Amino acid sequence: MPPFERAVVCIKHFEGLHGFKDAPYVGYGHQLLPGEHFTAAMTERQADSLLRSDLMKRLMMFKDYGKDALLLAVLSYNVGAGRLLGYGKYPKSRLLRKIESGDRDFYREFVSFCQYKGKVLRGLVKRRKVEFALFYIP
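Per my numbering, the very first residue in the sequence shown carries number 81; after that it's consecutive.
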């Protein structure tokens, strides 16, 4: 299976198809943006198409990271690009700084993105380990 397809399957597995109780998320974890009118009533085909479009946008965001672009795109799909690239008062992540310096030993930095509201979640730890195993290229 091509890497992009593996990424789609991986995200679908961990996100699941969001329902009405998951607002402002629809489909497979798409965060509604101002002006968007998607609903939780979308079909699986629509959710798949939206996921692929979102993932491709993120892949393009990280294209300058070469072989790590897909790994970073998959991570940013869940945590947000700003957490990696930096925004406002938040600096660029240690993960990106390590990759940019040529340091390939960044497993710990990758799996450190496993907290929600300051607490480590086992499900996110598992997700990060699976993502790293599937998409890290030495």
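Derived by calculation from the structure, the hints in this document are not laboratory data. Careful, some of the hints might be misleading.
Each pair of labels, with its calculated beta carbon distance range [as the list claims (entries may be wrong)]:
1) 143 x 168: 33 to 43 angstroms
2) 132 x 217: 13 to 23 angstroms
3) 93 x 184: 19 to 29 angstroms
Using 30 angstroms as the maximum straight-line C-alpha spacing, the simulated DSBU-like pairs for lysine-lysine come out as follows [as the list claims (entries may be wrong)]:
4) 147 x 137
5) 169 x 199
6) 101 x 147
7) 137 x 209
8) 178 x 197
9) 137 x 178
10) 197 x 169
11) 172 x 206
12) 209 x 92
13) 143 x 101
14) 178 x 101
In this text the structure is predicted, and so the values were computed from the model without any measurement. Yeah, the Cβ is synthetic: ideal placement off N, Cα and C, and Gly gets one too.
Hints, one by one, checked against the model:
With their beta carbons about 24 angstroms apart, residue 143 and residue 168 fall outside the hinted range of 33 to 43 angstroms. Between residue 132 and residue 217 the Cβ separation comes to about 21 angstroms, which falls inside the hinted range of 13 to 23 angstroms. For residue 93 and residue 184, the hinted distance range of 19 to 29 angstroms is satisfied, since their beta carbons lie about 26 angstroms from each other. Only pairs whose Cα atoms come within 30 angstroms are accepted, and residue 147 paired with residue 137 is accepted, the gap being roughly 16 angstroms.
Pair hint residue 169 plus residue 199 holds up; C-alpha atoms about 21 angstroms apart against a cutoff of 30 angstroms. Taking the CA atoms of residue 101 and residue 147, the gap is about 37 angstroms. The hint is violated against a cut of 30 angstroms. This hinted pair checks out: residue 137 and residue 209 have alpha carbons roughly 23 angstroms apart, not beyond 30 angstroms. With a C-alpha separation of about 25 angstroms, the suggested pair residue 178 and residue 197 falls inside the 30 angstroms cut-off, and the hint holds.
Restraint check: the Cα-Cα separation between residue 137 and residue 178 comes to about 23 angstroms, which is no more than 30 angstroms; the hinted pair holds. Taken as a hint, the residue 197 and residue 169 pair is honoured in the structure, with Cα atoms around 18 angstroms apart against an allowance of 30 angstroms. Distance check on the hinted pair: residue 172 and residue 206 sit about 24 angstroms apart at the alpha-carbon level, within 30 angstroms; holds. Note on residue 209 and residue 92: the hinted pairing holds, with a Cα-Cα distance of about 16 angstroms set against a maximum of 30 angstroms.
At roughly 34 angstroms between alpha-carbon atoms, residue 143 and residue 101 are farther apart than 30 angstroms, so this suggested pair is violated. For the given pair, residue 178 sits about 38 angstroms from residue 101 by alpha-carbon distance, which is inconsistent with the 30 angstroms threshold.
The structure fails hints 1, 6, 13, 14 (numbered hints given earlier, in ascending order).
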